[in-house]
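Chains as they are written, first to last, in our numbering: chain A, 11 to 422; chain B, 2 to 105.
Mixed in with the good hints, there may be bad ones.
To be verified - Straight line, CA to CA, 27 Å or less: simulated DSSO-like cross-link-like pairs of lysine-lysine: (1) K420(A) x K211(A); (2) K265(A) x K92(A); (3) K211(A) x K90(B); (4) K90(B) x K265(A); (5) K60(B) x K336(A); (6) K225(A) x K153(A); (7) K251(A) x K100(B); (8) K14(B) x K29(B); (9) K211(A) x K29(B); (10) K213(A) x K100(B); (11) K92(A) x K46(B); (12) K265(A) x K60(B); (13) K78(B) x K265(A); (14) K153(A) x K196(A); (15) K251(A) x K78(B); (16) K286(A) x K68(B); (17) K100(B) x K211(A); (18) K100(B) x K29(B); (19) K251(A) x K90(B); (20) K265(A) x K46(B); (21) K395(A) x K153(A); (22) K251(A) x K60(B); (23) K14(B) x K286(A); (24) K286(A) x K90(B); (25) K37(A) x K14(A); (26) K153(A) x K243(A); (27) K46(B) x K251(A); (28) K286(A) x K29(B); (29) K87(A) x K265(A); (30) K68(B) x K265(A); (31) K243(A) x K78(B); (32) K78(B) x K46(B); (33) K295(A) x K60(B); (34) K14(B) x K213(A); (35) K295(A) x K353(A); (36) K189(A) x K353(A); (37) K213(A) x K90(B); (38) K211(A) x K60(B); (39) K14(A) x K105(A); (40) K211(A) x K68(B).
None of these hints come from the bench; they were simulated from the model.
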Amino acid sequence: MSMKRILILGAGTAGTMMANHLRHELKNEEAEITIVDERHKHYYQPGYLFLPFDIYKPEEIVKEIEEFIPTGVKLIKCRINKIHTDEQYVMLDNKIRLDYDVLIIATGARIAPEEIPGMQSEEWHKSIFDFYTFEGALSLRNKLREWDGGRLVVHITEMPIKCPVAPLEFAFLADSYFKQKHMRDKVEITYVTPLSGAFTKPKATEALDHLLADKNIHIETDFAIERIDPERKVIVDYGGKEVPYDLLVTVPTNKGDDLIGRSGLGDELNYVPTNKATLQSVAHKNIFVLGDASNIPASKAGSVAHFEAEILTENILRFLKGEELKAEFDGHANCFIETGNGKALLIDFNYTHEPVEGTFPFAGIGPLRLLKESRMNHMGKLAFKWIYWNMLLKGTHIPFVSTNMQEAGKNF
Amino acid sequence: MSQTRMIAGKEIKVNDEGYLTDYNQWDKQVAETLANEARIELTPKHWQVLEWLQEQQRKEVALNIRKVGASGVVDIKEFYSLFPVGPLKTATKIAGIPKPASCI
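Bound conformation, chain B alone:
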């Protein structure tokens, strides 16, 4: 189900929903491009959130909105103002990590 698409001048592997399937291909230009597509301009606060999300992914923590709210980086309200439409889905896509599986 993996395919590739051109992002920031590079051929990047993505899934059907446009999430990166190989985190090693992620870099800041990729993030900028994906953010642009979501009509978001990345500020230092955005980058802090993205880095926090990536760190959770490395630690294999299953992500949800509540955890973001308790991150100490942003509260949920701020998270929504940074990534207004479907914040967790948008932010994880820009961060180059998988869409959080709402397991169960």
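Just chain A, same shape as in the assembly:
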């Protein structure tokens, strides 16, 4: 085949994995691969959960983007101005024009605190915090170090959000953090969610609701926030319900990158409409989307991007050869859920199967237990940081973990 130009937008988890996969599969004379990102640093985002509690140090979760881009892939660090789908090129802020045959959008999702009145007030990062950014997690760490207690409210603005279990984990870890500091009796923890229970899937919700009760964390469900009153320190929902806080840890609305909106490619939250099985964009055959940037009904999580990348690599090879795409992505997600006190749960699910109890990755053996708290699961979560930096980003297949979800070993 003649030389093809493959352009990847975004050098985060998803884009970096694709660059590695594709360079491995395609010879230099078959395809020119370019990846663009405006940032210089690659952040290990799961680490944002641990940073506020002094479990990880900042330097453990930041590396240079270059370290993970393979030789033979051109990395351009520049802000992307616009995608021109009609003439198949991308314009960068520095006026460089990048023409493509295949475009891979991996521009992710970001928090949009500006969506809720009162959120980005002068109290932002003083009594109202996010932990979905490095700056947010770090300033929250500093706040928690000196905080002498009161009402802690852990809050989700609206779905979908990246890593939908992270706010729950935050509440669990907060319980354990304040116990260790011998001040749990001085802190009232409330978990406020727009959902009708702790999580989006029934069986996991049952298990997690139970854990919340065990840890004396109150839950306020069906709360659709309208605004924050930073002076009175209350969050207010559309129905007029109010929840007071001294320290608010919120997950703001998540949106796709503004680039997607500017280029006219997004839905109302700037996510790109994408075929959920092939990962091809609905509007343009030569555009593919992976990771948080798409609108597919799967979790916005690194594990999902990892499984998607394996299928998308094959589909891009097929596309280049003019073959039919494989409609194979099943929405597979695999997430450790920190529950505090050195334990964690593990959930493994897809579009059609909700998380249930069982064993993983070996049916009947484990060693990891699904939907049950254990120390082994916690070790798994901590080990994942090493796996992420050393295997996942480089596109190395993780042993025993299959791309599609396995039904064996699960108690449906």
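Starting from the known structure of chain A, fit chain B onto it as the hints suggest.
Structure of chain B alone, referenced to chain A:
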């Protein structure tokens, strides 16, 4: 998991949470009865919202509060005043369409 119950004098198929499982069985009397149970009196504005929700369902659009707010039919504040308790859950039930799965 489907069962039936009498609504407006007809035997209607519903799920465990009382949502209709066969949209073809929905009619305005069914809606009136379900609204009554939720202590809501349906005004023309309510009907506009219900029709908009049904149209989204036909177009297979996944529903959420934000989309209702951007519908041009009501804003979120009005939606809450029309269906005060859990508006989207209540309104979809009355409209005879499935409870929105907050997927993910």
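Taking the hints in turn, this is what the structure says about them:
1. A C-alpha spacing of about 15 Å is found between K420(A) and K211(A), which places the hinted pair at or below 27 Å, so the restraint holds.
2. Our distance criterion of 27 Å between C-alpha atoms is met by K265(A) and K92(A), whose separation comes to about 17 Å.
3. A threshold of 27 Å between alpha carbons decides the hint, and for K211(A) with K90(B) the separation of about 16 Å falls inside it, so the pair holds.
4. About 24 Å separates the Cα atoms of K90(B) and K265(A), which keeps this hinted pair within 27 Å; it holds.
5. About 25 Å separates the Cα atoms of K60(B) and K336(A), which keeps this hinted pair within 27 Å; it holds.
6. Between K225(A) and K153(A), the direct Cα distance comes to roughly 22 Å. Compliance with the 27 Å bound is thereby established for this hinted pair.
7. For the hint linking K251(A) to K100(B), the alpha-carbon distance of about 23 Å falls within 27 Å, and the restraint holds.
8. A distance of roughly 16 Å separates the Cα atoms of K14(B) and K29(B); the hinted pair therefore holds under the 27 Å criterion.
9. Under the criterion of a C-alpha separation no larger than 27 Å, the hint pairing K211(A) with K29(B) is inconsistent with the structure, at around 32 Å.
10. Between K213(A) and K100(B), the direct Cα distance comes to roughly 17 Å. Compliance with the 27 Å bound is thereby established for this hinted pair.
11. Taken as a hint, the K92(A) and K46(B) pair is broken in the structure, with Cα atoms around 41 Å apart against an allowance of 27 Å.
12. Of the pairs offered as hints, the one joining K265(A) and K60(B) holds, with about 23 Å between alpha carbons and a cut-off of 27 Å not exceeded.
13. Proximity of K78(B) to K265(A) is assessed by CA-CA distance (about 22 Å); at most 27 Å being required, the pair is judged to hold.
14. Between K153(A) and K196(A) the CA atoms are separated by roughly 16 Å; this keeps the pair inside 27 Å, and the hint holds.
15. Taken as a hint, the K251(A) and K78(B) pair is honoured in the structure, with Cα atoms around 13 Å apart against an allowance of 27 Å.
16. In summary, the hint linking K286(A) to K68(B) is supported, as the alpha carbons are separated by about 20 Å, within the 27 Å threshold.
17. Only pairs whose Cα atoms come within 27 Å are accepted, and K100(B) paired with K211(A) is accepted, the gap being roughly 13 Å.
18. At most 27 Å may separate the alpha-carbon atoms for a hinted pair to count; K100(B) and K29(B) meet this at roughly 19 Å.
19. The hinted pair formed by K251(A) and K90(B) meets the criterion: a straight-line CA distance of about 17 Å does not exceed 27 Å.
20. A distance of roughly 31 Å separates the Cα atoms of K265(A) and K46(B); the hinted pair therefore is violated under the 27 Å criterion.
21. Note on K395(A) and K153(A): the hinted pairing holds, with a Cα-Cα distance of about 25 Å set against a maximum of 27 Å.
22. Proposed proximity of K251(A) and K60(B) is contradicted: the alpha carbons are some 33 Å apart, above 27 Å.
23. Simply put, K14(B) and K286(A) have alpha-carbon atoms about 30 Å apart, too far for the 27 Å limit, and the pair is violated.
24. This hinted pair checks out: K286(A) and K90(B) have alpha carbons roughly 26 Å apart, not beyond 27 Å.
25. At roughly 11 Å between alpha-carbon atoms, K37(A) and K14(A) fall within 27 Å of each other, so this suggested pair holds.
26. Between K153(A) and K243(A) the CA atoms are separated by roughly 16 Å; this keeps the pair inside 27 Å, and the hint holds.
27. A threshold of 27 Å between alpha carbons decides the hint, and for K46(B) with K251(A) the separation of about 24 Å falls inside it, so the pair holds.
28. Restraint check for K286(A) and K29(B): not satisfied, since their Cα atoms lie roughly 35 Å apart, outside the 27 Å limit.
29. Distance hint between K87(A) and K265(A) is fulfilled; the C-alpha atoms sit about 22 Å from each other, no more than 27 Å.
30. Annotation: proposed proximity of K68(B) to K265(A) holds, straight-line Cα distance about 14 Å (limit 27 Å).
31. For the hint linking K243(A) to K78(B), the alpha-carbon distance of about 21 Å falls within 27 Å, and the restraint holds.
32. Distance hint between K78(B) and K46(B) is fulfilled; the C-alpha atoms sit about 13 Å from each other, no more than 27 Å.
33. Under the criterion of a C-alpha separation no larger than 27 Å, the hint pairing K295(A) with K60(B) is consistent with the structure, at around 22 Å.
34. Annotation: proposed proximity of K14(B) to K213(A) holds, straight-line Cα distance about 24 Å (limit 27 Å).
35. In summary, the hint linking K295(A) to K353(A) is not supported, as the alpha carbons are separated by about 45 Å, beyond the 27 Å threshold.
36. Of the pairs offered as hints, the one joining K189(A) and K353(A) holds, with about 15 Å between alpha carbons and a cut-off of 27 Å not exceeded.
37. For the hint pairing K213(A) with K90(B), the CA-to-CA distance comes to about 20 Å; that is within 27 Å, so the pair holds.
38. With a CA separation close to 24 Å, the supplied pair K211(A) and K60(B) stays within the 27 Å bound.
39. With a CA separation close to 22 Å, the supplied pair K14(A) and K105(A) stays within the 27 Å bound.
40. Pair hint K211(A) plus K68(B) holds up; C-alpha atoms about 22 Å apart against a cutoff of 27 Å.
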